[in-house]
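Go by the hints and put chain S onto chain H.
Given next are the chains, with one letter for each unit.
Number of protein chains: 2
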Amino acid sequence: MFEHTLFREIRKDLKQVEKELNKYVEAPNEMLAETSAHLLQAGGKRLRPAFALLAGKFHDYSLDELMPLAVALELIHMASLVHDDVVDASLTRRGRPTVRAQWGNRVSIHTGDYLFAKSLILISHYQDPRVAQVLSRVSVQMCQGEIQQIATAFQPHQDIRDYFYRIKRKTALLISASCQLGGVVSGAPDHVIRALTLYGYYLGMAFQVTDDILDLVADERVLGKPVGSDLRQGIITLPVIYAEKNSEHRDVLIKIISHQDKGEGEVLEAIELVKESGGIDYAFSISRKYLEKAKGQLALLPNVGTKKTLGKIADFINIRRY
Amino acid sequence: MFEHTLFREIRKDLKQVEKELNKYVEAPNEMLAETSAHLLQAGGKRLRPAFALLAGKFHDYSLDELMPLAVALELIHMASLVHDDVVDASLTRRGRPTVRAQWGNRVSIHTGDYLFAKSLILISHYQDPRVAQVLSRVSVQMCQGEIQQIATAFQPHQDIRDYFYRIKRKTALLISASCQLGGVVSGAPDHVIRALTLYGYYLGMAFQVTDDILDLVADERVLGKPVGSDLRQGIITLPVIYAEKNSEHRDVLIKIISHQDKGEGEVLEAIELVKESGGIDYAFSISRKYLEKAKGQLALLPNVGTKKTLGKIADFINIRRY
Chain H
1 MFEHTLFREI
11 RKDLKQVEKE
21 LNKYVEAPNE
31 MLAETSAHLL
41 QAGGKRLRPA
51 FALLAGKFHD
61 YSLDELMPLA
71 VALELIHMAS
81 LVHDDVVDAS
91 LTRRGRPTVR
101 AQWGNRVSIH
111 TGDYLFAKSL
121 ILISHYQDPR
131 VAQVLSRVSV
141 QMCQGEIQQI
151 ATAFQPHQDI
161 RDYFYRIKRK
171 TALLISASCQ
181 LGGVVSGAPD
191 HVIRALTLYG
201 YYLGMAFQVT
211 DDILDLVADE
221 RVLGKPVGSD
231 LRQGIITLPV
241 IYAEKNSEHR
251 DVLIKIISHQ
261 DKGEGEVLEA
271 IELVKESGGI
281 DYAFSISRKY
291 LEKAKGQLAL
301 LPNVGTKKTL
311 GKIADFINIR
321 RY
Chain S
1 MFEHTLFREI
11 RKDLKQVEKE
21 LNKYVEAPNE
31 MLAETSAHLL
41 QAGGKRLRPA
51 FALLAGKFHD
61 YSLDELMPLA
71 VALELIHMAS
81 LVHDDVVDAS
91 LTRRGRPTVR
101 AQWGNRVSIH
111 TGDYLFAKSL
121 ILISHYQDPR
131 VAQVLSRVSV
141 QMCQGEIQQI
151 ATAFQPHQDI
161 RDYFYRIKRK
171 TALLISASCQ
181 LGGVVSGAPD
191 HVIRALTLYG
201 YYLGMAFQVT
211 DDILDLVADE
221 RVLGKPVGSD
231 LRQGIITLPV
241 IYAEKNSEHR
251 DVLIKIISHQ
261 DKGEGEVLEA
271 IELVKESGGI
281 DYAFSISRKY
291 LEKAKGQLAL
301 LPNVGTKKTL
311 GKIADFINIR
321 RY
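Heads up: the protein sequence lines correspond to chains H and S, in order.
At position 21 of the first sequence (counting the first as 1) the number is 21 in UniProt numbering, and the numbers step up by one without a gap.
At position 106 of the second sequence (counting the first as 1) the number is 106 in UniProt numbering, and the numbers step up by one without a gap.
Next up, chain H with everything else stripped away, as it sits in the complex (with noise of 0.2 Å):
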């Protein structure tokens, strides 16, 4: 849907990005040229090179000069998700099985750690040092988020802010760097480019809420990975912490939510109190919130087609059912 419509105007440079990271993974070694032609080819929305594409929009659009960004920031967020493979013990991504469960935790750990250094040497060849310094901090802040959800794993009681802290971190500052950076390679002024990472951010915080949503309510087959599998990680979202105040039997999914290892029947139990406690609905409005401020950023940005779709983006997050 994402690909079809949506990113129309740089469906061509996205199949272009597409290849130059097919290319730039391949490994002198065997296992790691196999591994990371695995992780490509599980796919994904390539969400974070389509942003900074169409930020560079806004300015003195460039392919080349925005590919190095482009595939960078995919590289970034793939070796966040094989890290997080290993961490969340998850035996199948986008329907496919993991790096982890194919090869093994080491091979996963070095896996990221190479995808990551590789997207280290594509940043170094710009030499606006925002470039460097955005992605940087943003990766430290991913690390925190990581560490963060670990540390708060299974606990019930916590706070609106805490899941705000954790998805910011998870999400919204990588796409927020995303349509920052492709202002930044391509040249746009500071206002343009404060409007493009303000965008990034909302945009990115709605689709995150609006992820754990699905993670909820979403069907097996169309989101890839079983249904509640945040729960049973102890990964305590927006819905559930709206109803662990708000639900009638708070009691019994306060316990379910504690407890480390959960059974089938009280993961679906648990979703069901969620859903009749208003958490569901709460949480779309939250994320219909975000996305309205995501859209107000637009009208500080120029006239261009863009725009528009950027804005279709944003209206499309709350509606996607993937």
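Think of the hints as simulated: they come from the structure by calculation, not from any bench.
Among the clues, some could well be false.
Computed list of lysine-lysine pairs in DSSO-like fashion (alpha-carbon distance at most 27 Å, straight line) [to be verified]:
no.	chain 1	residue 1	chain 2	residue 2
1	S	K308	S	K295
2	S	K307	S	K275
3	H	K168	S	K23
4	S	K168	H	K23
5	H	K15	H	K308
Negatives, chain H to chain S, calculated, CB over 12 Å [unchecked claim]:
no.	residue
6	T5
7	L6
8	E18
9	H59
10	L63
11	I76
12	L115
13	G228
14	D230
15	E272
16	G305
17	K307
18	D315
Every residue, glycine too, gets a C-beta built ideally from N, C-alpha and C.
Structure of chain S alone, referenced to chain H:
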């Protein structure tokens, strides 16, 4: 030993580096602050910062300029150690329980990622693109070395070139980069930087060969880890490769090498066979050759006192027993 005599001229500055390191890894997340501090307190010789500072002595030495590099180098090194701990399933490092043993795999991975990402912030301070370029390339190669080590684990009949490929990436390149970038940051001319780079490379190769010898012959109390840990983890080092070709009992040795679940008796037997074959002496002779090459580079450096120090460090490598 290193610290007390060889590093005399930079001892004060190294203390400053130590302070900066401690301050710099402080994190807003309690868990991250704790794991990072734990890692720092486990110590280590801070060899890479020391080499960067020493290399800086060959031109315009400025601790302020060298500080971010020195801290970044140690962080990269520490990050790779934490990730190796996950990989190698080793429960102690330098005599203390590893982060993994104390907090588990998931925390180790993100602590390593965090330290590495923090190093990138420091690196992005430098205007000279060579700093980021060298360190990103070295980081990629370090991963390739690690992956290669996993791919070849427990495999007998390895070529000496496989071994050199691995230790170059595992150790020599980062030490080489430390010397090189100490030169770069202090504004040294190209021919000086080149000599420092090669000095660091040869020295790093010798250092790892010696380390691999010590893993077979040193005392556990001195080594801070059990003797024969490489063999146990399936890492085939130079003395073993030599013994495989030259031992009278090579069949026994090869069988033990490939055995993934060795008993203590087997490890000790293998060590005996390696010693009998002359593998230790052979490895020492290779280390000596690298050290001669390292010292050869010193002739190309300007005549400052630090030149003598670098020579002494080279002499010390082959006699160190810890």
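Hints and how they fare:
1. K308/S x K295/S: holds, 10 Å
2. K307/S x K275/S: Given that 27 Å is the threshold and the Cα spacing comes to 35 Å, the pair is violated.
3. K168/H x K23/S: Judged against 27 Å, a Cα distance of about 25 Å means the pair holds.
4. K168/S x K23/H: holds, 25 Å
5. K15/H x K308/H: Given that 27 Å is the threshold and the Cα spacing comes to 22 Å, the pair holds.
6. T5: For T5/H, whose nearest Cβ neighbour in chain S is about 35 Å away, the distance exceeds 12 Å, so it holds.
7. L6: holds, 31 Å
8. E18: Non-interface label on E18/H holds, nearest chain S Cβ at 21 Å vs cutoff 12 Å.
9. H59: holds, 23 Å
10. L63: Label holds. Min Cβ-Cβ 22 Å, cutoff 12 Å.
11. I76: violated, 10 Å
12. L115: Not fine: 9 Å to the nearest Cβ puts L115/H too close to chain S.
13. G228: holds, 20 Å
14. D230: holds, 15 Å
15. E272: holds, 29 Å
16. G305: holds, 34 Å
17. K307: holds, 31 Å
18. D315: holds, 34 Å
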